[in-house]
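One line per chain: the protein sequences are A and B, in this order.
If you're matching positions, the first sequence starts at 2 in the working numbering and goes up one per residue.
If you're matching positions, the second sequence starts at 2 in the working numbering and goes up one per residue.
Any given hint could turn out to be false.
Put simply, identical chains are the same to the list, so a pair is met inside one copy or across any two.
[Stated by the list, open to error] In silico DMTMM-like cross-links for lysine to aspartate or glutamate, where the CA-CA straight-line distance does not exceed 25 Å:
#1 LYS306 / ASP345
#2 LYS578 / GLU72
#3 LYS590 / GLU232
#4 LYS313 / ASP471
#5 LYS585 / GLU448
#6 LYS266 / GLU284
#7 LYS585 / GLU233
#8 LYS469 / ASP389
#9 LYS136 / GLU505
#10 LYS515 / ASP574
#11 LYS578 / GLU232
#12 LYS506 / ASP574
#13 LYS85 / ASP381
#14 LYS149 / ASP169
#15 LYS75 / GLU505
#16 LYS136 / ASP514
#17 LYS578 / GLU241
#18 LYS39 / ASP530
#19 LYS431 / ASP287
#20 LYS266 / ASP169
#21 LYS39 / ASP253
#22 LYS590 / ASP580
#23 LYS296 / ASP395
#24 LYS578 / GLU466
#25 LYS306 / ASP389
#26 LYS85 / ASP253
#27 LYS578 / GLU593
#28 LYS355 / ASP298
#29 LYS578 / GLU233
The set of hints was computed from the structure by calculation and includes no laboratory data.
Quick caveat: nothing in here was measured; it's all calculated off a predicted structure.
Protein chains: 2
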Amino acid sequence: MTTTNTSKTTALRTHTCGELTAANAGQTVTLSGWMDSKRNHGGVVFLNLRDLYGVTQVVARPDSPVFKIAEETKSEYVLRVTGKVTLRPGSNANKNMPTGEIELEASEIQVLNASLPLPFDLGEHAGVSEETRLKYRFLDLRRPAMAKNMVLRSRLSQVIRNYLYNLDFNEIETPMLTRSTPEGARDFVVPSRSNPGEFYALPQSPQQFKQVLMMSGMDRYFQLARNFRDEELRSDRQPEHTQIDLEMSFVDEQDIARVVEGMMKDVFAYLGETVAGPFPEMEFSDVMLKYGIDKPDLRYALEIKDCSALFKDSQFKVFSGALAEGGVVRAIKGEGGAVFSRSDMDKLTDLVKKHGAKGLVWLRFKEGKWESPTLKFFSDAEQAALKDLLEVKDGDAVFIAADKAAVAAPCLGALRTELIARLKPAQLKKWAFLWVRHFPLLEKDAETGNWTFTHNPFTAPLPEEEHKLDTDPGNVRSAQYDLVLNGVELGSGSVRNHTRALQEKIFALMGYDKAQVQSRFGMIVNAMDYGAPPHGGIGMGYDRLIGIICGTDSIRDVIAFPKTTSGACLMSDAPAKLDERQLKELHLKIVE
Amino acid sequence: MTTTNTSKTTALRTHTCGELTAANAGQTVTLSGWMDSKRNHGGVVFLNLRDLYGVTQVVARPDSPVFKIAEETKSEYVLRVTGKVTLRPGSNANKNMPTGEIELEASEIQVLNASLPLPFDLGEHAGVSEETRLKYRFLDLRRPAMAKNMVLRSRLSQVIRNYLYNLDFNEIETPMLTRSTPEGARDFVVPSRSNPGEFYALPQSPQQFKQVLMMSGMDRYFQLARNFRDEELRSDRQPEHTQIDLEMSFVDEQDIARVVEGMMKDVFAYLGETVAGPFPEMEFSDVMLKYGIDKPDLRYALEIKDCSALFKDSQFKVFSGALAEGGVVRAIKGEGGAVFSRSDMDKLTDLVKKHGAKGLVWLRFKEGKWESPTLKFFSDAEQAALKDLLEVKDGDAVFIAADKAAVAAPCLGALRTELIARLKPAQLKKWAFLWVRHFPLLEKDAETGNWTFTHNPFTAPLPEEEHKLDTDPGNVRSAQYDLVLNGVELGSGSVRNHTRALQEKIFALMGYDKAQVQSRFGMIVNAMDYGAPPHGGIGMGYDRLIGIICGTDSIRDVIAFPKTTSGACLMSDAPAKLDERQLKELHLKIVE
Numbered sequence: 002m003t004t005t006n007t008s009k010t011t012a013l014r015t016h017t018c019g020e021l022t023a024a025n026a027g028q029t030v031t032l033s034g035w036m037d038s039k040r041n042h043g044g045v046v047f048l049n050l051r052d053l054y055g056v057t058q059v060v061a062r063p064d065s066p067v068f069k070i071a072e073e074t075k076s077e078y079v080l081r082v083t084g085k086v087t088l089r090p091g092s093n094a095n096k097n098m099p100t101g102e103i104e105l106e107a108s109e110i111q112v113l114n115a116s117l118p119l120p121f122d123l124g125e126h127a128g129v130s131e132e133t134r135l136k137y138r139f140l141d142l143r144r145p146a147m148a149k150n151m152v153l154r155s156r157l158s159q160v161i162r163n164y165l166y167n168l169d170f171n172e173i174e175t176p177m178l179t180r181s182t183p184e185g186a187r188d189f190v191v192p193s194r195s196n197p198g199e200f201y202a203l204p205q206s207p208q209q210f211k212q213v214l215m216m217s218g219m220d221r222y223f224q225l226a227r228n229f230r231d232e233e234l235r236s237d238r239q240p241e242h243t244q245i246d247l248e249m250s251f252v253d254e255q256d257i258a259r260v261v262e263g264m265m266k267d268v269f270a271y272l273g274e275t276v277a278g279p280f281p282e283m284e285f286s287d288v289m290l291k292y293g294i295d296k297p298d299l300r301y302a303l304e305i306k307d308c309s310a311l312f313k314d315s316q317f318k319v320f321s322g323a324l325a326e327g328g329v330v331r332a333i334k335g336e337g338g339a340v341f342s343r344s345d346m347d348k349l350t351d352l353v354k355k356h357g358a359k360g361l362v363w364l365r366f367k368e369g370k371w372e373s374p375t376l377k378f379f380s381d382a383e384q385a386a387l388k389d390l391l392e393v394k395d396g397d398a399v400f401i402a403a404d405k406a407a408v409a410a411p412c413l414g415a416l417r418t419e420l421i422a423r424l425k426p427a428q429l430k431k432w433a434f435l436w437v438r439h440f441p442l443l444e445k446d447a448e449t450g451n452w453t454f455t456h457n458p459f460t461a462p463l464p465e466e467e468h469k470l471d472t473d474p475g476n477v478r479s480a481q482y483d484l485v486l487n488g489v490e491l492g493s494g495s496v497r498n499h500t501r502a503l504q505e506k507i508f509a510l511m512g513y514d515k516a517q518v519q520s521r522f523g524m525i526v527n528a529m530d531y532g533a534p535p536h537g538g539i540g541m542g543y544d545r546l547i548g549i550i551c552g553t554d555s556i557r558d559v560i561a562f563p564k565t566t567s568g569a570c571l572m573s574d575a576p577a578k579l580d581e582r583q584l585k586e587l588h589l590k591i592v593e
Numbered sequence: 002m003t004t005t006n007t008s009k010t011t012a013l014r015t016h017t018c019g020e021l022t023a024a025n026a027g028q029t030v031t032l033s034g035w036m037d038s039k040r041n042h043g044g045v046v047f048l049n050l051r052d053l054y055g056v057t058q059v060v061a062r063p064d065s066p067v068f069k070i071a072e073e074t075k076s077e078y079v080l081r082v083t084g085k086v087t088l089r090p091g092s093n094a095n096k097n098m099p100t101g102e103i104e105l106e107a108s109e110i111q112v113l114n115a116s117l118p119l120p121f122d123l124g125e126h127a128g129v130s131e132e133t134r135l136k137y138r139f140l141d142l143r144r145p146a147m148a149k150n151m152v153l154r155s156r157l158s159q160v161i162r163n164y165l166y167n168l169d170f171n172e173i174e175t176p177m178l179t180r181s182t183p184e185g186a187r188d189f190v191v192p193s194r195s196n197p198g199e200f201y202a203l204p205q206s207p208q209q210f211k212q213v214l215m216m217s218g219m220d221r222y223f224q225l226a227r228n229f230r231d232e233e234l235r236s237d238r239q240p241e242h243t244q245i246d247l248e249m250s251f252v253d254e255q256d257i258a259r260v261v262e263g264m265m266k267d268v269f270a271y272l273g274e275t276v277a278g279p280f281p282e283m284e285f286s287d288v289m290l291k292y293g294i295d296k297p298d299l300r301y302a303l304e305i306k307d308c309s310a311l312f313k314d315s316q317f318k319v320f321s322g323a324l325a326e327g328g329v330v331r332a333i334k335g336e337g338g339a340v341f342s343r344s345d346m347d348k349l350t351d352l353v354k355k356h357g358a359k360g361l362v363w364l365r366f367k368e369g370k371w372e373s374p375t376l377k378f379f380s381d382a383e384q385a386a387l388k389d390l391l392e393v394k395d396g397d398a399v400f401i402a403a404d405k406a407a408v409a410a411p412c413l414g415a416l417r418t419e420l421i422a423r424l425k426p427a428q429l430k431k432w433a434f435l436w437v438r439h440f441p442l443l444e445k446d447a448e449t450g451n452w453t454f455t456h457n458p459f460t461a462p463l464p465e466e467e468h469k470l471d472t473d474p475g476n477v478r479s480a481q482y483d484l485v486l487n488g489v490e491l492g493s494g495s496v497r498n499h500t501r502a503l504q505e506k507i508f509a510l511m512g513y514d515k516a517q518v519q520s521r522f523g524m525i526v527n528a529m530d531y532g533a534p535p536h537g538g539i540g541m542g543y544d545r546l547i548g549i550i551c552g553t554d555s556i557r558d559v560i561a562f563p564k565t566t567s568g569a570c571l572m573s574d575a576p577a578k579l580d581e582r583q584l585k586e587l588h589l590k591i592v593e
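Chain A extracted, bound-state conformation (with noise of 0.2 Å):
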């Protein structure tokens, strides 16, 4: 037997499935694998042999010895073959294989393990239920698409990692048994035995340690960690997610925006896409004025205009009253929208509803002319004016809302998003990143009244935005921002504050005394008592992103054991319930 010393040599193959080409032909070679397809041929079989790494066409014919268990064998069986290499005949080489060179003339088959009948065929999943898939998640994972998938996952994060090192960061693993705090509503908890009445917290991120990182004068910190939520499940939500976490020292927004575009740039290249930085970035303010949603999908080019000026003197009651009432008119163009019918008018007021309008303005351009049921409200003057602002051509329909800017908003960000899926206008780009900078550093609490924070508590305030804290907090614009691809919100970040008297004050406009800030914050502000440096990062959901390099809607199908959304694995069938005696060493009693 020729040993070809590749680095997957093992005590069972000599080779992988996906590996032999003409260059092996006459080798004697043995390779493991799964029995993929089979079929007959005038009397020969052909077994496809699968593994990770591809497919080798194995032949047995009617005079060799291996004929009878080459036929008997069933799909998903385990088998190890022994053979010659041989090169296919020039017309029944297969160019779309890369083992399509050659096949292996099979010497010796070993059934190395059986299989049941599938409950379902690995190459035609499309229509079975994700249920059964995850029951079955290892025979879902031999499916090429799902395990190149998993390959993807890991391979990028190994990308992340060297380019991270690097940039000499070094990842440190934070504790997963943190503290619980009262209020820590999303926490999953960990009863500690030894500590009777007393739970831990698994952590929701790890925001406080990479600080205390910081302050421990780590000055480069990453970790892909994982992190836990309990809250009500999305398609796009699980109760355990991955993070790229990283945190710096003696940065600036700016410092910490580089590190992430060259790791995307890495990202994509690795898949051989160019992406590069810096990446474009906007205010908050300017983004949810030009298209109404804090994560554009900047990959399209329609922007939301504000015609308030244009409309200022409108005899149309729905924008002079709006205006009246310190309001804004938006409108926004949809290339092509003239197509839209009465009824597709209809659906499209009806989403705007669902955000808050009271109901949406529309006019189509056809053949020159203006249309729309409340045309007689614009004069002449702001019907061209509209056109020009808009830059209208024949064919295209434009939508009006007049209202509170912050209802104005959130609608024309859902139409505009409703435009895009409708219309299928041109792609300027492929991958569209957006830094989305400067959120409000606080907000009001809609259930207490009182400020909290938007995103962060440790978010610090833009330098010349401090002042406003004392006369005017729900205006000061913070280090906070988010960064954006193709619609996504792909993470988030900031820098923080690392005095204790700064972060004082902001929890003390959010409503904490003294004695809540120890208890629920007291690592952090007891380590800004002792030199902490000025710091900043980010968090990106991992999942999220290798999602959409995958080209997939559901996060499931890039992590390998997920759960459903009522937090099942239907695999292992957890959770489940304990027995009584587990329950009682863990002081614990379960009440209806």
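Based on the hints, put chain B in the right spot on chain A.
Showing chain B alone in chain A's frame:
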């Protein structure tokens, strides 16, 4: 300002505190860091500014505008210093400091943050209690020795990942929220809010999921995985710890050993040390015979010798009695042990008694003669034969245990460890790796009297021993191995069962009926029905490995934020009580 574009240049520094040399002389630079120490020498203030990368001397002269601020800075103040790099006069250069050729003539000093007086001096931690160190971990980690441990831990994880990626392993994240089993006494559990009365368990290891990954066709898996175990803590145990976990398909024991040896080679090469595989390997039974312990420290030559044949006609009742009962007589030599006093010998006797021996026979060999309180029971021939067998020289001592093999082994094993500690024999090598192979598959459970697995319920028997499962299950050797380094068990692994029939047969020997197997191990035995490949792997304690490498007895010194032995985090005050509302949402009540 001259900005050198190093990768660590940020808004707040042009260089780190560890990189300036004579080559930078004349440049104006900005450093940020902590005020490490200060001295006033002839009216000039010298500050040592420290960051993770090193220390740079900053100079403030009396005529400088920064003199006052320099004088007023205190320990651990965070400073940003701009100034000109100047060569130290030849006689003042500090060869022990990478930046010792230069100093920074400060023209600007900004206090980025102040510090309260420290609870302990970072330079003098020896007398500081571990409690204080853990409470102020953010200060403890600023000590260069601790920072070095953290960086080394991080860097070596990347060495390991690079090595495994080069062998086409993929890192695949397995779930943290897994199935709790009624028997999982050491599981940390997590109540599921959306499934009242049910719990997840945190994994004690990814064992079942990694095997399922092999059954999913993933071929080569690894993970630096966090594992959890709710048990009493010791100095080398933590409730959560990190494991280098790997699993491979289509392999035998030797394939796995070669992968691990290559990893250790790369890890030690990073440290400038040479470690070469294949590592020595021994049968478990031989190891127990020769060293009396399953994790012998083979840096030392000491070996236990069987003397049963030598004493087969002994008049000494201690020997003849033990032999008559099917026991053994075994001896170990302590080179230079003749210095032990009677009271030393008493202490060694107490030690073996703790391990179950009734007593310890000892002899000293001095000036060509044996001396011992029991010498009279040794014939001349026996005395001569003993000297020959153990190659006894002047000044040595010999210790003899006569008992059942199961008692003699651990007694002499413990004695061997103690002799090494007391006699400090020459080290044969610095790093002594050993594979201990073929542990018994099953042993009797002391409580239930049933057979139970010695290491892992999924371990395969050696193929040639499988037939003994029916006739002599206690003597079936398994494909289970440990990797030992310098007397520490670094990892444990095996080739696994991959057919359901064999796995169920072993479970049946352990007394599990089909229902119990399904409830406890359903996921894995179900997957065995559908083409599970032969596979095997290992899990190695990463904290332990780094502990050995960093030369510390406590893994707490290589974990950023460890728990105390009572499971508390002194910095964050975890664990903590929940409030009533949270408990109610979890359908839990605390009972005394």
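Compare the structure with the hints numbered earlier in the document and write down the numbers of the violated ones, lowest to highest.
-> 2, 4, 8, 13, 21, 23 and 24
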